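Trainee: Please model the complete structure; the sequences and the hints are all you need to start from.
Top line first, the protein sequences correspond to chains X and U.
Residue numbers 2 to 452, in this note's numbering, belong to the letters of the first sequence in order.
Residue numbers 4 to 109, in this note's numbering, belong to the letters of the second sequence in order.
Worth flagging that the hints you see were computed from the coordinates, not collected in a lab.
Here the structure is a predicted model, which means the values were calculated and not measured.
It cannot be assumed that every hint is accurate.
Stretches of chain U that chain X covers, calculated by requiring three or more beta carbons in the stretch to come under 8 Å of a beta carbon on chain X [unchecked claim]:
| id | region |
| --- | --- |
| 1 | 6-17 |
| 2 | 20-33 |
| 3 | 37-44 |
Even for Gly, the Cβ is constructed at its ideal location relative to N, Cα and C.
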Amino acid sequence: MTETVVIVGGGQAGAQAAVSLRQEGFAGRVVLIGDEPVLPYQRPPLSKTFLAGELAKERLFVKPAAFYEKVNIEHILGETVSAIDSSQQLVSLSSGQTLHYDHLILATGGRVRQLDCPGASHPQVHYLRTLADVEAMQDKFTAGARLVVIGGGYVGLETAAVAVKHGLKVTLLVARPTPLGRVTSPEVGKFFVDVHRQAGVTLCCNTGVESIEDDAGDGLVAALVTDSGYRVLADMVVVGIGLLPNIELAESVGVACDDGILVDEYGRTSVDNIYAAGDCANHPNPIYQRRLRLESVQNAVDQGKAVAATICGKDKPYAQVPWFWSDQYDLKLQTAGINSGYDQTVVRGEISSRSFAVFYLREGRLLAVDAINRPAEFVVARNILSKGLGVCAERLQDESIPAKALADLPAADEADSLTTENTAPKGAQASTQSGVQKTPQSNAVEHDRVA
Amino acid sequence: MIKVNYIESDGTHREVEVEEGVNLMDAALDNLVPGIDGDCGGVCACATCHVHVDPAWIDKIAPMDATEDAMLELTDDRDESSRLCCQLKASPELDGIIVRTPAGQH
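Mentor: Here's what the structure looks like:
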């Protein structure tokens, strides 16, 4: 009997799951349903090279149309799933069509968090999540235009960088004391403040928006009133204040959710034959010994692969070091790991040189790195994190030691502690005392290309 | 158009025609060459488009930068012929180039 996998969501995770099902040998029917009217595409370039006009639209697509045909992946685009019946294993589409599934993958992603101040629906207010969002703002992306960006996350910073390079007059409003406050440290945030100011962005931290007025009554110019009492005029406003996971469909069939759709390491939800992957999914991460919901390409791709493998009866649990990147000006920020809970930072290199790495440690163990124009430090940190290796703060800082060698602790200094002998962390006993809860050997993560 | 030869680990050989300036990762995706993922979209951030360049062509390709050199460390079977093909742009000097996709890259 032919089995059918229905994938709800046509983003990176959904596309990867479809492709990986075929790579894993799934011979049944694969149907990908996307609410956007286009084939799955990559979102990272939307606030980078695509916004800058440096990348052709056809280069955004995860795979060309011919690929789906060749490997027999059906796609239904521009339609939403209106309901799931988990007892009958049916999904209903907005068109009225129903589809039976044997396995259902929820790759529903997220939607932008909206401003909720008075005037937030002003016609010049834009959000940046989809291809259509960017296409709608590109006409106004002209030299001399006044742009106000609200939000100091990746999307806000990248948008500001592209805009100021294009000659727009850019004001960036950041609610926290520094940008990237949720994911990085004050040192790195402060560095990006300086970078953007030097590039010509007017950047205000600790600044929220109280209301948005229409400046002249014609809808053409927005006037933002900040909580510090300023009034800033904008021909265009771009808001990047985060993402909300799309969990409503899951909840409607009783799938357990808590900051995303809860899945196990195989991508299975609490309801039989329903799986989740990507931005919408909240997974148990063995490296950090806690649940994580990640919004990244790496997570979408790797979870998509894990779910596909599970459906094909293969044992490939998801256990990866999270990684992220951001391109701004001449800078490539590469982050490996999650720094949450760090009690020490170690800076390698001079921040003023625009090439440095900040390592985050907790109780002496590495949690994460932010590498700015330091790809070798990013790579070695991924290696250290995935193998659960020990580190030594003095060595991390010492530039006379090549980055590559930071994963090797010298045999001499080690009696005291650090689990130098290879990959398997010390399991239970380390996890009781260490802030970085280490995973038992059976879950140890092999060094892997993450792809 | 520039001819690019992709050889898979099982010996499957594909010759594809690539427009000048297009990188060999995009060209592989466009032509459904398996074994090249390009998860990051070609910005040298993921190391999923690793290829081994045929020795006869090594000297004709542009040298790698520090980012590519570092990212290649994430691949399993790096050697002196290793490159990330998102960083290799088709040009007349590369007409006929041969690259091999590694076994493990799926």
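Trainee: None of the hints should be skipped; say for each whether it holds.
Mentor: Structure-based check of each hint:
Restraint check on the region 6-17 of chain U versus chain X: 0 residues with Cβ-Cβ distances below 8 Å, three needed, restraint violated. Residues of the region 20-33 of chain U lying with their CB closer than 8 Å to a CB of chain X number 3, which satisfies the three-residue condition for coverage. Figure legend: the region 37-44 of chain U, annotated as covered by chain X; annotation consistent (4 residues with Cβ-Cβ distances under 8 Å, at least 3 required).
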